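Trainee: Now for the letters of each chain:
There are 2 protein chains.
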Amino acid sequence: MADRIYRVNMTDLTTSIEDVPSEWMGLGGRGLTSTIVAAEVEPTCHPLGPKNKLVIAPGLLSGTPAANSGRLSIGAKSPLTGTIKEANAGGTAAQMLAKLGCKALIIEGQPKDDIWYSLHFTKDGITINEESELIGKGNFAVVDAVHQRMGETNGVITIGPAGEMRLSAANISVKDPDGKLRSNGRGGLGAVMGSKRIKFIAIDPTDAKIELADPEKFAAANKTFAKALVDNPISQALAQYGTNVLVNIINEAGALPTRNFTSGQFEGHEAISGETMHDMIVERSGKPRHNCHKGCVIQCSQIFNDKNGNYKTSGFEYESIWAMGADCCVDNLDHIAEADHLMDDIGIDTIETSVAMGVAMEAGVLEFGDGEGICRILKEEIAKGTPLGRIIGNGAASVGRAFGVTRVPVVKNQAIPAYDPRAVKGIGITYATSTQGADHTMGYTIATNILGVGGSLDPLSKEGQIELSRNLQIATAAIDSTGMCLFIAFAALDDESCLPALIDMINARFGINLTGDDVTNLGATILKTERAFNQAAGFTSKDDQLPEFFMEEPIAPHNVVWDYTEEEIAKFWDF
Amino acid sequence: MADRIYRVNMTDLTTSIEDVPSEWMGLGGRGLTSTIVAAEVEPTCHPLGPKNKLVIAPGLLSGTPAANSGRLSIGAKSPLTGTIKEANAGGTAAQMLAKLGCKALIIEGQPKDDIWYSLHFTKDGITINEESELIGKGNFAVVDAVHQRMGETNGVITIGPAGEMRLSAANISVKDPDGKLRSNGRGGLGAVMGSKRIKFIAIDPTDAKIELADPEKFAAANKTFAKALVDNPISQALAQYGTNVLVNIINEAGALPTRNFTSGQFEGHEAISGETMHDMIVERSGKPRHNCHKGCVIQCSQIFNDKNGNYKTSGFEYESIWAMGADCCVDNLDHIAEADHLMDDIGIDTIETSVAMGVAMEAGVLEFGDGEGICRILKEEIAKGTPLGRIIGNGAASVGRAFGVTRVPVVKNQAIPAYDPRAVKGIGITYATSTQGADHTMGYTIATNILGVGGSLDPLSKEGQIELSRNLQIATAAIDSTGMCLFIAFAALDDESCLPALIDMINARFGINLTGDDVTNLGATILKTERAFNQAAGFTSKDDQLPEFFMEEPIAPHNVVWDYTEEEIAKFWDF
Chain A
1 MADRIYRVNM
11 TDLTTSIEDV
21 PSEWMGLGGR
31 GLTSTIVAAE
41 VEPTCHPLGP
51 KNKLVIAPGL
61 LSGTPAANSG
71 RLSIGAKSPL
81 TGTIKEANAG
91 GTAAQMLAKL
101 GCKALIIEGQ
111 PKDDIWYSLH
121 FTKDGITINE
131 ESELIGKGNF
141 AVVDAVHQRM
151 GETNGVITIG
161 PAGEMRLSAA
171 NISVKDPDGK
181 LRSNGRGGLG
191 AVMGSKRIKF
201 IAIDPTDAKI
211 ELADPEKFAA
221 ANKTFAKALV
231 DNPISQALAQ
241 YGTNVLVNII
251 NEAGALPTRN
261 FTSGQFEGHE
271 AISGETMHDM
281 IVERSGKPRH
291 NCHKGCVIQC
301 SQIFNDKNGN
311 YKTSGFEYES
321 IWAMGADCCV
331 DNLDHIAEAD
341 HLMDDIGIDT
351 IETSVAMGVA
361 MEAGVLEFGD
371 GEGICRILKE
381 EIAKGTPLGR
391 IIGNGAASVG
401 RAFGVTRVPV
411 VKNQAIPAYD
421 PRAVKGIGIT
431 YATSTQGADH
441 TMGYTIATNI
451 LGVGGSLDPL
461 SKEGQIELSR
471 NLQIATAAID
481 STGMCLFIAF
491 AALDDESCLP
501 ALIDMINARF
511 GINLTGDDVT
521 NLGATILKTE
531 RAFNQAAGFT
541 SKDDQLPEFF
551 MEEPIAPHNV
561 VWDYTEEEIA
571 KFWDF
Chain B
576 MADRIYRVNM
586 TDLTTSIEDV
596 PSEWMGLGGR
606 GLTSTIVAAE
616 VEPTCHPLGP
626 KNKLVIAPGL
636 LSGTPAANSG
646 RLSIGAKSPL
656 TGTIKEANAG
666 GTAAQMLAKL
676 GCKALIIEGQ
686 PKDDIWYSLH
696 FTKDGITINE
706 ESELIGKGNF
716 AVVDAVHQRM
726 GETNGVITIG
736 PAGEMRLSAA
746 NISVKDPDGK
756 LRSNGRGGLG
766 AVMGSKRIKF
776 IAIDPTDAKI
786 ELADPEKFAA
796 ANKTFAKALV
806 DNPISQALAQ
816 YGTNVLVNII
826 NEAGALPTRN
836 FTSGQFEGHE
846 AISGETMHDM
856 IVERSGKPRH
866 NCHKGCVIQC
876 SQIFNDKNGN
886 YKTSGFEYES
896 IWAMGADCCV
906 DNLDHIAEAD
916 HLMDDIGIDT
926 IETSVAMGVA
936 MEAGVLEFGD
946 GEGICRILKE
956 EIAKGTPLGR
966 IIGNGAASVG
976 RAFGVTRVPV
986 VKNQAIPAYD
996 PRAVKGIGIT
1006 YATSTQGADH
1016 TMGYTIATNI
1026 LGVGGSLDPL
1036 SKEGQIELSR
1046 NLQIATAAID
1056 STGMCLFIAF
1066 AALDDESCLP
1076 ALIDMINARF
1086 GINLTGDDVT
1096 NLGATILKTE
1106 RAFNQAAGFT
1116 SKDDQLPEFF
1126 MEEPIAPHNV
1136 VWDYTEEEIA
1146 KFWDF
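Chains A and B, in that order, give the protein sequences.
Using this note's numbering, you'd call the opening residue of the first sequence number 1 and step up by one each time.
Using this note's numbering, you'd call the opening residue of the second sequence number 576 and step up by one each time.
Bound conformation, chain A alone (with noise of 0.2 Å):
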């Protein structure tokens, strides 16, 4: 079907389809919804009332049979960051729109009176439903209702408890080919889309279908692209151990951050490694591979069963399991996979709510270490709504207000992730510059600084950090453009082939005639597009900076400080 743009308007209960402007033509996933909050939302406007959007996007090339392209992006602006934001996942849902037409979906507005509703999705347009019955339930139950009302081919975008309760830390979940879930996890979206009240989008995949403007020149270049992809040492290494594999690796590198970012490395993380973990699963008859979209080739996703061999979660990654593990030291990785699940079903950013339990562990709340108690705090506290819960729900920064905390390790008040920036200085320069907050997925210089990929760069010197953390920032902003999963960059910076194979295919696809140029220069305009947005809402090179304690204290085993003046991480936007 012909792309077009849906919209939704929950203040007056209409929708409607328009032809896509020719500006927005050229667009896909982040690139997309960065263009279209950036356009259409007022940069100071509260993230929880009727201005701001919610803004879902598959990528240019979700739904043709590109290998990892399985992608949906969503935007707004962030409750948790008041920046711009954009969060991708995998699941179904990205496939089902792109082939429906869906160029993107735009939701705006907000309903007047505390009434919940769903949406439909067909090939036929949106309907708005009245929906009380799921309402306080979490996603899964949500999935289960899904299926049961409308077939189990539908395809699932929802929001949990922590969603309807606009919590910061609220996740958006996608359904995957298993029936499990995938997160849009960061930056409160779940929040937004619960400030919107709608607790679920439900996409009908009947007659859906795509057009490739040139389907043979498209499936060659797909066929390159693919073996890119497999013959990657990383992707190998992603297949057997999930992301988790970097474990051992970042403790190993001193950046692994241990009981609230105090340490650089912890005791117990051989108990929690990707290692541990791939034993534990074939143990358990799980799946130590698996994939959250139709057509990946990676597959670095994973079943994990419980000791009785049932399942207790799925895409169980290397910041989930860090955050929980190293940074609030808990050497169990039952516990870790429980609270997991939960998280999963409450609707929750596994790395914030973790994060935000070790600020909440040094503050006293629970004792370092206790995975049961990180459990119970789920499902007693943020589950039901509690203070406590809220509190926690609404991420590390807010713990750290509520208890007086001061060493809390956010930017732009978003959880900083699984790499010690002190240690890794060209993350801490992704962490600081990023348009979204705290957030390693922006500009993963992990791939250079530790694994090698793309040539290799000192994580300890200064020296080029700026210059890495902005090429691969450019680079991420059009590869989350495309649909593309974010793991396909391994192959590109290290394989010759991958880069130009993936241009030739959104050329097939649309019939036009890209550059790799075109590609960088697509990247550069949606950072500069994002920045825009958030200088006019208020936010200045002060915001672009760690916090404090990076500065005051020296983390083992290298003993080492944050050490950037604002002038110099200010050197990043100079392109």
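Don't read these hints as lab results, they were simulated from the structure.
Treat the hints with care, as some may be off.
List time: in silico DSS-like cross-link candidates among lysine-lysine, alpha-carbon distance up to 25 Å [stated by the list, open to error]:
no.	chain 1	residue 1	chain 2	residue 2
1	B	802	B	792
2	B	954	A	542
3	B	869	B	887
4	A	123	A	112
5	A	223	A	209
6	B	626	B	687
7	A	287	A	312
8	B	862	B	792
9	B	792	B	887
10	B	626	B	1103
11	B	1117	A	51
12	A	571	B	1117
13	B	959	A	384
14	B	887	B	802
15	B	626	A	542
16	A	209	A	307
17	A	287	A	307
18	A	571	A	528
19	A	542	B	1103
20	A	542	B	1117
21	A	542	A	571
22	A	217	A	123
23	B	1117	A	528
Some chain A residues near chain B, calculated using beta-carbon distances under 7 Å [said to hold, decoys possible]:
no.	residue
24	46
25	267
26	271
27	387
28	394
29	404
30	407
Keep in mind it's a predicted model, so treat the numbers as computed, not measured.
We treat Cβ as the ideally placed atom computed from N, Cα and C, and that holds for glycine.
Given chain A, put chain B in place with the hints provided.
Mentor: Chain B in isolation, oriented as in the chain A frame:
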């Protein structure tokens, strides 16, 4: 005694006494605290970390016989707003410190261990003493303990449990001549004192004495000055009904924010008015007139007794009564007085905390009108530091974030007080532009907009409001530097003899020759110093705005919205 700078370093527990640098010589009160904070505190530092400093300074005329000169300024970087902050209060400490030769007391650093301390300020210097007995205790217990340990003549500066917990609404209290409390209320300065682990400062007035350069000239000027104050009709109304005379006046003007800022008039206004309060005080053998410091000739404070004629509270201000009354819809002065007493004891700002209660009522935490509920939350939640207590004790914005409420009346994170900016546009300009977040005392346009003091200006028209607010903010910054109570402004604006007499007193105190222009320049310089600090901390014109809902929701009875553009407001700073 000759003026000196007293410094206490809480990191290494040392004290020092320094000569006054020449550039600080002509400063006092807010002029001095803001100058010192701007000079010595890193603008981007964590307000609760070791880099912030708490600066305590009597005014230029404090300790002299000048009428109404007993205000004590305390400054720091605010943990509530992130801006520079000064709050001043009456009580006995300013006069004692001035007479002991304390130009300013600068408290810096932070103990590494969780040990609490007190300071004892005497003519021989400052001693730092470990304190354990009073930790967790309320302010009244501190005053009693100081009386018992050191004698009733000692002055006291103290924090309650709120300051110990470093809550953002925690205030600092100062003992008044009757052993009751006055508060440096706004901006969370109590949390800064708590972060330094200082429970209280006792001041021994032995041998305290002030020198006047020209005692005769001083006495003559003081006589003129005091007469201007006493003769002023606003002074007289304040003496009869306290500041609470304003309930009926502001309700009549349609500017009494009611039910969390959803109306401009409160049905129950008569029950909480100054007139009703006066009758209750007389009937219960309280005192309708009472001075918060020696030498006050206005005496707007009062002793408010309970039904049995026992002391309940004093300094029972309009803004506190409005906040618990109209904003929370509590039409029972006994409930409000009980809450006022509890807040004095807990050491928490009545405005911030009560506006926070209003937002919590909108969130459904308790019912509008539930005065007993407010008292219960104060006693059982805030005083005990429960999660709900910390959410509310961190202020209105904290409650909004926790519960996803979008109607949150704050500027720079600080609660908007008792005058709706839609119905009194001048005060809205003050809220928006003040260097310290929403604060009516920073440029009290109510004088001219409502009370007809200093001319009159239609509160509903945009005409002239920026100039009015600017002139008053400049004058206020100067007055806040003298140690004078702000209520001298009513006489200063309407009685030609008042301001020259004030300047004569400063000149007679120091043997100098200030002119009226010098005083205006001082005020302007203070504002610019404060703004420069804020800009260096990352504040921009985007922060000089009122919340979105003031622009979207007309307020009854005038059905007006806030309608200034960012560009219009920015003109405030053209001086």
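Trainee: Taking only the CA atoms, is the gap from residue 792 (chain B) to residue 887 (chain B) under or equal to 25 Å?
Mentor: violated (42 Å)
Trainee: Residue 869 (chain B) and residue 887 (chain B) were given as a pair; does the straight-line alpha-carbon distance stay at or below 25 Å?
Mentor: Given that 25 Å is the threshold and the Cα spacing comes to 22 Å, the pair holds.
Trainee: Does the alpha-carbon distance linking residue 959 (chain B) and residue 384 (chain A) stay inside the 25 Å limit?
Mentor: holds (22 Å)
Trainee: Verify the proposed pairing of residue 887 (chain B) with residue 802 (chain B), using a straight-line Cα cut of 25 Å.
Mentor: Distance of about 32 Å is beyond 25 Å: violated.
Trainee: Does residue 626 (chain B) pair with residue 542 (chain A) here, judged by a C-alpha cut-off of 25 Å?
Mentor: holds (17 Å)
Trainee: For residue 123 (chain A) and residue 112 (chain A), compute the direct alpha-carbon distance and say whether it is at most 25 Å.
Mentor: Roughly 29 Å between the alpha carbons, so the hint for residue 123 (chain A) and residue 112 (chain A) is violated.
Trainee: With the threshold set at 25 Å, check whether the alpha-carbon distance from residue 954 (chain B) to residue 542 (chain A) stays at or below it.
Mentor: violated (39 Å)
Trainee: Can the restraint linking residue 1117 (chain B) and residue 528 (chain A) be considered satisfied, given a maximum Cα separation of 25 Å?
Mentor: holds (19 Å)
Trainee: Should the interface hint for residue 387 (chain A) be scored as holding, given a Cβ-Cβ cut-off of 7 Å against chain B?
Mentor: This interface hint holds because 4 Å falls under the 7 Å limit.
Trainee: Mind checking the CB of residue 271 (chain A) against every CB in chain B and telling me if the closest is under 7 Å?
Mentor: violated (31 Å)
Trainee: Would the hint linking residue 542 (chain A) and residue 1103 (chain B) be met if the CA-CA limit is 25 Å?
Mentor: holds (19 Å)
Trainee: Going straight from one Cα to the other, do residue 542 (chain A) and residue 571 (chain A) come out at no more than 25 Å?
Mentor: holds (13 Å)
Hint check: violations occur at hints 2, 4, 8, 9, 14, 16, 22, 25, 26, 30; the rest are consistent with the structure.
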